[in-house]
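**Q** As a plain string of letters, each chain reads:
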Amino acid sequence: MNEFSYIYLIPLIPILTFLFLGFTAKKIKEPVSGYIGTASLAAVFALSVYTAYKYFFEVGMVNGKYEPVLVMIKKGWVNFTDKLAIDLGILLDPISAMMLIVVSTISLMVHIYSLGYMHSDTGFSRFYAYLSLFTFSMLGLVLSSNLFLIYIFWELVGVSSFLLIGFYFEKPSAVAASKKAFIVTRFADMFFLIGILMVGYFGQSFDFETLNSESTIHMITGWIANHQIFSFMGLSIFTWALILIYIGGMGKSAMFPLHIWLPDAMEGPTPVSALIHAATMVVAGVYLVARLFPLFYHIDNGAALGVVAVVGAFSALFAAIIAFTQEDIKRVLAFSTMSQIGYMMMALGVSGYEGHEGLGYMAGMFHLFTHAMFKALLFLTAGAIIHAVHSNFMKDMGGLHKYMPISRWVFLIAALAISGIPPFAGFFSKDEILTAAFEYNKFIWFIGFLVAGMTAFYMFRLYFRIFHNKDTDYGDHKPHEAPFTMAFALVFLGIMTIIAGFIPFSELVSADRMPFHSEIHWTSPLVIGSILIAASGIGIAYLMYYKETDYPQKFASGMGAGYKWAKNKFYMDELYIFVTHKIIFDKISKPIAWFDRNVIDGFMNLLGVTTEKAAEKIKFIQTGRMQDYAMYFVSGVIAIVMLIVYFRN
Amino acid sequence: MDLDNFMLMRDEILLTVIILMMLVAEVLLSQKNKKYVIQLGLVLFAGYTFQSFIPNETGELFGGSYKTYPLVHLFKAILAFGVMMILLQSVTWIKEKLLPYDFAAEFFILIFSSLIGLNFMVSAGDFLMFYLGLELSTMPIIALTAFEFWNHRSVEAGVKYIMLASVSSAILLFGVSLVYATAGSIQFDVITGAMHLPLLEIIGLIMIFIGVGFKISLVPFHFWAADVYEGAPTVISNYLSVISKGGAVYVLMTLLFIVFKAFQTEWNWIMYGISILTMLIGNLFALRQQNMKRFLAFSSVAQAGFILLAMLSNNELGVKAIIYFLLIYIFSNVAAFGVVQVISLKTGKENIDDYTGLYRTNPKLSLVLMIALFSLAGIPPVAGFFAKFFLYAAAASKGYYLLIFIAVLNVTISLYYYLLPVRAAFLRTSENPIPYFKSDIYSKMAFVIAMVGLLVLGLYSGVFEYISGMSNIL
Amino acid sequence: MDILTLFVVVPVIITLVLVLFTKTLEQARMVTLIGMLVQLGMSINLIYKYLETRNSGDHSIMLFQKNIPWFSEFNAHYHIGVDGVSVLMILLTTLIVIAGTFVSWKITPLSKEFFISLIVLATGVYGFFISLDLFTMFVFYEIAVIPMYLLIGIWGSGPREYAAMKLTLMLMGASALLLVALLGIYFTGSAGGQTPTFDILELSQREMPFEWQKIFYPLAFIGFGTIGALFPFHTWSPDGHASAPTAVSMLHAGVLMKLGGYGIFRFAMFLMPEGALFWQDFFLILAVTGVTYGALSAIQQTDLKYINAYSSVSHLGLVLFALLMINKTAWNGAMLQSLSHGFITALFFALIGMIYGRTHVRDITKMQGMMRIVPLLSVAYVVAALANLGLPGFSGFVAEMNIFVGGFLNNDLYKQALTVFAVTSIVVTAVYMLRLTGRMVFGPTTKVYTGLPKAFWYEKVAIGILVGFITLIGTLPFWWLQFIEDSVNNFIQPLVSK
Amino acid sequence: MIEGVTLFEIMSLTTILFFIGIYGFLTRTNLIAMLMSLELMVNAEAINFVAINKYLSPTVMQGQIFSLFIIALAAAETALALAIILHLYRLTKTVDVKEVKELKY
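Keeping their order, the protein sequence lines are chains A, B, C and D. Numbering of the first sequence is given in this note's numbering, commencing with residue 1 and proceeding in unit increments. Numbering of the second sequence is given in this note's numbering, commencing with residue 650 and proceeding in unit increments. Numbering of the third sequence is given in this note's numbering, commencing with residue 1124 and proceeding in unit increments. Numbering of the fourth sequence is given in this note's numbering, commencing with residue 1622 and proceeding in unit increments.
Mixed in with the good hints, there may be bad ones.
Claimed, not checked - To spell it out: a stretch of chain A is covered by chain B in this simulated footprint if at least three of its residues, at any positions, have a beta carbon under 8 Å from a beta carbon of chain B; those stretches are: (1) 525-533; (2) 623-630.
Said to hold, decoys possible - Keeping only pairs whose Cα atoms sit at most 30 Å apart, straight-line, the calculated DSS-like set for lysine-lysine is: (3) D:Lys1675 / B:Lys746; (4) A:Lys54 / A:Lys74; (5) A:Lys619 / D:Lys1675.
Since the hints were made in silico from the structure, they are not lab data. For each residue, glycine too, the CB sits at the ideal point set by N, CA and C.
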């Protein structure tokens, strides 16, 4: 596929930028490093758009089916066996092309935005270096053609996220958050790795195309059929492998119960939250499931997919409930992210495979795309607001529409989009998800439906309390509109949010890579219902928060304990702390350390001590009196004689 | 004995001549020229040592009571070489301690006569010669042990040594008489032929071996060793620990391997036990010694235990291993004792703690000490490692793997205490270390020889090959 | 003089030059450095020659062999030769000694003696890696073990005398087992009246009786395993490393501890295949225990060097684990892990030494936010930590993945379960590594240490070398694996054929 | 060759003598007395050799020669021992063996 042979440049440029900035971080000062980073990203963006266009509209379509394109960079980077190997290859197919667009767009926007946001920060160059590193890893992740390769980039995005969360490394909270994020995801990755090992063992390949191929699936299903014994809780061993892989995805995508790192991750600079923890990295889990969709779908008739759907739905609901109660705007957004990703998981979970069956898959990907746009927008706006107000908390805000018109409008657009109000992007994707869910399982659909309303409510709670509500007195320094660079990014994403919905997504992305047609049935009760619930959510928010009222307090006290639990995120953190510190550290690790120092090492020392003690004890036989010596001498003789005489007969 | 086979015992004769010349010199030299006795003795003995390396043909004298063959002759040469080194080290001691009393000549005479005794012992063909050699080798040394008659410890050592030695030789004699009774002869060849091991004979043999074991200081016949070594002048401790022990080992080997071969099987597992005991007791006692001489004494006890490993093998491999080990052992022990002596002569200090910070002041000396101790512990690339390894190999050739394991564990223990002086000398620093001093040219020569030996003899296999070339004595 | 013997001779020459002609620290380190650079040139030349020979189609098991009778009485030969693994190990040794020289650029007192002992140590290691004869191997092995005593005892810190003695005695005790095994192989290894031999290539052709293998294999395994920090014979390593001077910790953890895995791979398993298979399951338990156990105890430590020592226990446990899996992939992983851990842990100890040299504190609770004080060292420390927890792009990842995949490829549920068990270590490693960096590197700066000197040029060089190779292995594993694979293929034959 | 006396009886006698010597050596505290016990042992052996020679192999004189040497050597031994003991006496004014224990452990 030589017309794509240039494609290795897409990940290469950022990593080179990273190395360059990393080594010259001391020399190059702001804003040069920023310009360098942005320029390289612009190049990447251009390439990505070109590649995607070329793939979708020129090369990709071969007799009615989007054929994947494989560009092998280094075959046998590591050869485990003749079958199993890590090949450095780039796999281009609808979803990776789509992800290319998402990643490069958002990343570029964040780069531009940060020129203003990170202005006069001591770590300016370092920040851009990290951004490039992350971009590299993320692009690598979406482009990788090999399960192990994706794991490699998986780890790399993890570490770059670690570095970026802990960017303000002198803030203990930031350090703690970064540590938490890394370890939690690492914990998930462990299952991912085990899953990979199992898939490699049973599937005899790490290569996506091979794994997803008919033959492999057939082989595996045959194997399962012959080895019924190798099953656990009614699911075959291979399903478990898939579930393990999915746990890896849950870790990155902050699905319940591995979501706890996401809220803390907001310690990082806001652009980072926008890039990593809203748009790109957190959807890696979704992308992973989509990548292996054929396996997920076919093995055990999609038993694993069921798990995906349930986890997704539950996380969506769970996050939405918590989002009600949070005060820190970034945390609200974080939980809304979690909830939206739950949506996407749910969509994949409920999806079928052929043609219109695969609506859920398409919808999930579509929502991933749109969500990336508007959620990034929300975060960046939040960043602008925080930049202006110097606080994360809603109580310090209010009435900002006077000071920050642009931010206000783009935030409104984004909020409408996420609430699913036509004609904004969120509406289309969300609506298709609900449709798919409805066809799959009413209960799941109902959860989704509920969450739609809740989303609308808490988003507008956020909107009203920031921009309207009370007229806060900001003292001497008035909040000011964001500088040009930031505003540019906001506007651009705002436009994207408006138009993204009209992309005929199903023509491009689908489970079996066969385009199909799907449009909104404006008259169907589903559509109307979803619009209505969103609207009602907004309405309630309006009543409670447009003006300063005491409904919220009433509401909260009415909920009582439930509210407290929700506000404390259902004490998940505490649970984790308990398990790790109280149990693993204190009950397992400490005793082991003690055991090592005192028992094993003690034994070794004991040997020495005993020897010396023995030496001290026996010294008295050397009395220094020659008659005793003679005594020993003679008795020695006699003893030996006795012995020989005795043993001889 | 007549002129043509006269040269067979040329070593002993030469030594006798040397002794006579010393006597004459002693008589002739005037009081102020007495010190030339030392040079005379050294020169004469150097000459003797050189000639002793000239091979000698096989043969026997006095109706088989004196035998000589290449290996025994080589061994005599090795002994002579060891004595030579010891003499070199003892020059200062003689000058400072003996000349005032005008004992220089006596010292040489006694040492040489003891060496004659050893020579006779190792090439004995019957019990009479053997017994004579034994006594002749012991008594002068006893005299020398008590030589520092102004020093109470020296005299006490002398008393202990002579009493216990007499007991052991008495017991040995009794054993000989029993063997004589059963075998009807005191000639080794005859006895070898006439061995059918009645109980009486076995008791006799045990007594004989124990008489030799006393000289080798095997547990439980080792008690004298430590006290005597500590009390005696360092030169004499040195001589005892290498030369006379070496000679005794050789005799024990020949008796076991050749003369009383039939008895070996009976005896083996007793030796198995004795060797374990010897290694263990020797190590445990050495572990907590402060006085260097006593420390080395116990270490040499432990070494004897290692030698028994090869004694068990009862094959040519064992012979080679033992001879080679003795050679290396002479080098290492002479060097170690030499350091102790030099220091104690200069400063009168003999304790390990006194050596603290030695390397900072006398680096060369402490290096010699370290290499010697490493050789004793058996650490490559120093020759001691190879010597020990061959002992193990000899034992392994008969499948005594457990014994080897125990032995090597003992090496680990011994390494601990061999490292103690090293620790004192190298690791630690002290406020008042032993000040720097120049040791005299003779002991320097001895040290250089020893070091070269220790570093070359192992890595260069020629010596071992040479020994094994002539050790087909079984 | 053949290309391999030079590796032993050159250090000896360096030692002589040091002994005879050097007085001051400057001269000593210069001589050492020059000598080791020569050594480095030889290593690179060796690699070049090696590739050349292999590409010219010479697939003999060992290259550049030289076989001189030494003690012909015992049929003990000075028999040397190399294959891919030994070539890499030699390179590793050279680089780490060079780095160590730079790290101990200002060593006092007795600078000259320090470098002498260091070189002697290196000599032993080189000899060990090139020897194909059990006797030669053992001689060099012991040569390598002993200088540690002086190095730790004289230039060490903390309870140095105790640590030095403990280390020496435990390793000697281990070599006791080894010696017995060695003699056992020598005498029982040649069934049917052939002359006994120490030559491993000959021995591998002969059939050693199974009942003897059953006895001597565990002896050899534990003997080598002790220096490879096999649980529960690892306790010398924390104390030893904690007290050792920087360069020694580097060399010891980086190279000397690799002798264990290497010896098992080269001698124990190769010569006693049935024994290896017989004892496989038992030792697997020990190895896996070591992996998780080391990692878990590392969590509790607060002394930098102890943390590292335990992490070494865990990572070298992986090496033994992989070797015991008896599977090509795993063995590749084992050798790669030896190599990578060599560089990583050397980097760690180097950095610890540098930081300790400035703060005189090794307790991570006592220092924070070093990033602001010594940025370069801190960054390097983070890199080392990430490499250690197996981040892709660094050497650790590739090695561990080989090990895990290899372990899991056994058609045996027991081994697969153990593999899963071992995999958990990557999380624990992450925990203690991040805990460490979070405490020490990041966080608010400890005021006491502000104004400490930044990294000196020689420190930068040392760090550069080590980080460079860590990344080289991590990014171009295939280049390094080509060396390992060909030797693994030869050496696993007797085991898989059984 | 004495009429009516068998070698057995003689050797029993010598053995008894020998062990009396050993007993004396172990129990007497006076060095001189210990020396005498030593003499006892040695003489027992001398008798042994002569008797054995006379009874078993009267033709070759090995035993008797041996006993001659034994006597000579015993004399030498005693002389040396006495000399050293005298030295000891000069230094410590005692010949009690119990006092001779400065070197120990």
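**Q** Against each hint, give a clear statement of whether it holds in the structure.
**A** Hint check results:
1. 525-533: Since 0 is below three, the answer is violated.
2. 623-630: holds (count 5)
3. D:Lys1675 / B:Lys746: violated (52 Å)
4. A:Lys54 / A:Lys74: Since the Cα atoms of Lys54 (chain A) and Lys74 (chain A) sit roughly 24 Å apart, the hinted pair holds (cutoff 30 Å).
5. A:Lys619 / D:Lys1675: violated (49 Å)
Checked against the numbered hints above, the structure violates hints 1, 3, 5; every other hint is satisfied.
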